[in-house]
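*Asks:* Residues per chain are reported as follows:
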Amino acid sequence: MKPMKEIRSRTVVIPTTDIDTDQIIAARFLTTTTREGLGASVFFDLRHDRDGNINTNFPLNQPEAKGCQILVAGNNFGCGSSREHAPWALLDYGIRAVISTEIADIFRNNSLKNGLVPVVVDKATHEYLLNNPGIEITVDVAAATLTLPDQRTVEFPIDGFARHCLVEGIDQLGYLLQQADKITAFEEARS
Amino acid sequence: MKTLLDKLWEAHIVTPETQDIPAVLYIDLHIIHEVTTPQAFTVLRERGLKVRRPDLTLATMDHSTPTVPVKSFKDLQVISASAAGQIRQMEENCEEFGIDLLGFGHDSRGIVHVIGPELGATQPGKTIVCGDSHSSTHGAFGALAFGIGTTEVGHVLATQCVLQRKPKTLSISVDGNLPAGVSAKDIILAAIGEIGVDGGTGHVIEFRGDAIRSLDMEQRMTVCNMSIEAGARAGMIAPDDTTFDYLAGRPRAPQGSDWDAAVEKWRTLHSDVDATFDKSVTLDASRLQPMVTFGTNPGMVIGINEPVPASSDASFRKALEYMQVTPGKPMTGNNVDVVFIGSCTNGRLSDLQQAADVLKGHKVAAGVRMLVVPGSQQVKNEAEALGLDRVFKEAGAEWREAGCSMCIGMNGDIALPGQLSVSTSNRNFEGRQGQGARTVLASPATAAASAVRGKVTDPRTLV
Ligand code: SF4
Chain A
1 MKPMKEIRSR TVVIPTTDID TDQIIAARFL TTTTREGLGA SVFFDLRHDR DGNINTNFPL
61 NQPEAKGCQI LVAGNNFGCG SSREHAPWAL LDYGIRAVIS TEIADIFRNN SLKNGLVPVV
121 VDKATHEYLL NNPGIEITVD VAAATLTLPD QRTVEFPIDG FARHCLVEGI DQLGYLLQQA
181 DKITAFEEAR S
Chain B
1 MKTLLDKLWE AHIVTPETQD IPAVLYIDLH IIHEVTTPQA FTVLRERGLK VRRPDLTLAT
61 MDHSTPTVPV KSFKDLQVIS ASAAGQIRQM EENCEEFGID LLGFGHDSRG IVHVIGPELG
121 ATQPGKTIVC GDSHSSTHGA FGALAFGIGT TEVGHVLATQ CVLQRKPKTL SISVDGNLPA
181 GVSAKDIILA AIGEIGVDGG TGHVIEFRGD AIRSLDMEQR MTVCNMSIEA GARAGMIAPD
241 DTTFDYLAGR PRAPQGSDWD AAVEKWRTLH SDVDATFDKS VTLDASRLQP MVTFGTNPGM
301 VIGINEPVPA SSDASFRKAL EYMQVTPGKP MTGNNVDVVF IGSCTNGRLS DLQQAADVLK
361 GHKVAAGVRM LVVPGSQQVK NEAEALGLDR VFKEAGAEWR EAGCSMCIGM NGDIALPGQL
421 SVSTSNRNFE GRQGQGARTV LASPATAAAS AVRGKVTDPR TLV
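Chain order of the listed sequences is A and B.
Here the numbering used here is used: the first residue of the first sequence is 1, the next is one more, and so on.
Here the numbering used here is used: the first residue of the second sequence is 1, the next is one more, and so on.
Incorrect hints may appear among the rest.
With a straight-line Cα cutoff of 27 Å, these simulated DSSO-like cross-link-like pairs (lysine-lysine) come out [stated by the list, open to error]:
hint, chain 1, residue 1, chain 2, residue 2
1, B, Lys455, A, Lys66
2, B, Lys2, B, Lys279
3, B, Lys318, A, Lys182
4, A, Lys182, B, Lys168
5, B, Lys360, B, Lys279
6, B, Lys455, A, Lys123
7, B, Lys7, A, Lys182
8, B, Lys455, B, Lys393
9, A, Lys123, B, Lys360
10, B, Lys2, A, Lys123
Everything labelled a hint here was simulated from the structure, so no lab data went into it.
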């Protein structure tokens, strides 16, 4: 995982609430055995109509969304299935951070393990971001803050360990492997 | 003064949680399937790692596997080259890493959350994970069971542990007697309607109360299964005699004197009388009715005779538009195209029995396609021994091989764009059962009654 210290980008806004991981990436794209190349499938059924034509109304398809790395979404983003393909697809598409008032547990966990930053903000900040799509903001992962165009800074909660791993680009498997002796001791004590 | 979660949590801590670092939590049972594991095995291979405990790993194939009836599993037609590749890779991965695979043709193959309990591998007091959010199902046995992503699947394969912060607790107490025609599915749908699809976020739900205690194990699994639909990390029910009776004699349950010792230990697994929960909710079972969803998430749910509510919220209106339903009218009377009986929510023997009881002596309405998909090979065999397959086939329904099927629609079993599906599965998300398909979640009885009438139907009106 590459270190992820700061993201500065314009935002793209999908205001829908309860966006589930089936919408982020539909099940028919899950027969892959790799992590790569899932960006083409992200929000596929929202980005296209049923005949496969581009849906120009969908926020990600609008010209100003090009290159945006920060997604602002309605409350309770990422609920549903545990498929890690959801953060893989968002990252492959170019999204680096997701902002909402609530982000579902498994999706948040999966995101943190892949360098997609889940940012939970208060209602007022959320409202402001929803109403002002395309503004440039900065997500400072190390400081756990969001800086808005008027220089207002908003803190967001993030697990200290997960943040450390993100900022340093550490993968958590390495940490777990270092615990091997303790794991063995645990197994022996129980048997 | 401990909750059930406290007891399970403490018994599995390898290193405790601190402000800086989550706990290292030991996993007693890791269930794996073909869709969420290939990338995890790739990481193991890249890093030259072994599977630490193949003996604690239970592997099967269920998600992308076909359910079209075949004479021999050699004749299976897999939906796509990539799905076939995924299935092949699962076989190769298990072979290479020394994991027993309950694959095609195996008597115990089935949906991950159906076979764990069936084999007796799911037991009180265990920590259980699977790369699948409905792992909460196993909590019905008083286990701490939760879904993980593929990266964590790799963690468990390599170390038998996950890094976790302790979740908060939510008590959902259901008291009173369930009226006739109302089942476990209706309880959990009502509970999700009550607390909302994010009401359980960050929490483990413990289901309590005499209505829960009176449920058999299969129904308890239905309740815990959908904890994730309320956003919860896990759902659990304290084990009791019902649990022990279910497990006794199952192949992977403890046997002989080990069994007695296990039961003695399991009897201590309950929340203490004065334990406190972070949040509590109560439901009155006697006031419940058959529940159906009307929108595109499981929290958009009403009693079968209640009118679809109205709201000016944009997401809410978008959902109603997708579902093509009108506020002010009940869901009954909506024309049905497909009925699906199956999934880890309602694909066990008693679920099929309930559907068959409703169907007996009736025919599936003209123009309705009804799929009955047993949750496992064993459920299939037991159902056939009871003659349920004949009831379904005589009524005009399709009797299929075991698997996830239309619950996730990734094996080719789907509803067509615009079709309305009454489904005993757990998710009515947009496109979940096929692009543009509209899903109404319901109990097996409601789904079967809807198949007979060709319209969403209150099972109590069909005699
Ligand atoms: S039946 Fe549905 S919910 Fe259950 S494991 Fe299969 S896909 Fe997941």
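*Asks:* Would you mind marking each hint as holding or not holding in the structure?
*Replies:* Checked hints:
Restraint check for Lys455(B) and Lys66(A): not satisfied, since their Cα atoms lie roughly 45 Å apart, outside the 27 Å limit. Proximity of Lys2(B) to Lys279(B) is assessed by CA-CA distance (about 15 Å); at most 27 Å being required, the pair is judged to hold. For the hint linking Lys318(B) to Lys182(A), the alpha-carbon distance of about 52 Å lies beyond 27 Å, and the restraint is violated. Our distance criterion of 27 Å between C-alpha atoms is met by Lys182(A) and Lys168(B), whose separation comes to about 26 Å.
Restraint check: the Cα-Cα separation between Lys360(B) and Lys279(B) comes to about 43 Å, which exceeds 27 Å; the hinted pair is violated. With a CA separation close to 41 Å, the supplied pair Lys455(B) and Lys123(A) exceeds the 27 Å bound. At roughly 20 Å between alpha-carbon atoms, Lys7(B) and Lys182(A) fall within 27 Å of each other, so this suggested pair holds. Distance restraint check for Lys455(B) and Lys393(B): the Cα-Cα separation of roughly 20 Å lies within the 27 Å cut-off, and the hinted pair is therefore satisfied.
Restraint check for Lys123(A) and Lys360(B): the C-alpha separation of about 53 Å exceeds 27 Å, so the hint is violated. Taking the CA atoms of Lys2(B) and Lys123(A), the gap is near 34 Å; set against the 27 Å cutoff, the hint is violated.
Hints 1, 3, 5, 6, 9 and 10 from the list above are not met by this structure, while the remaining hints are.
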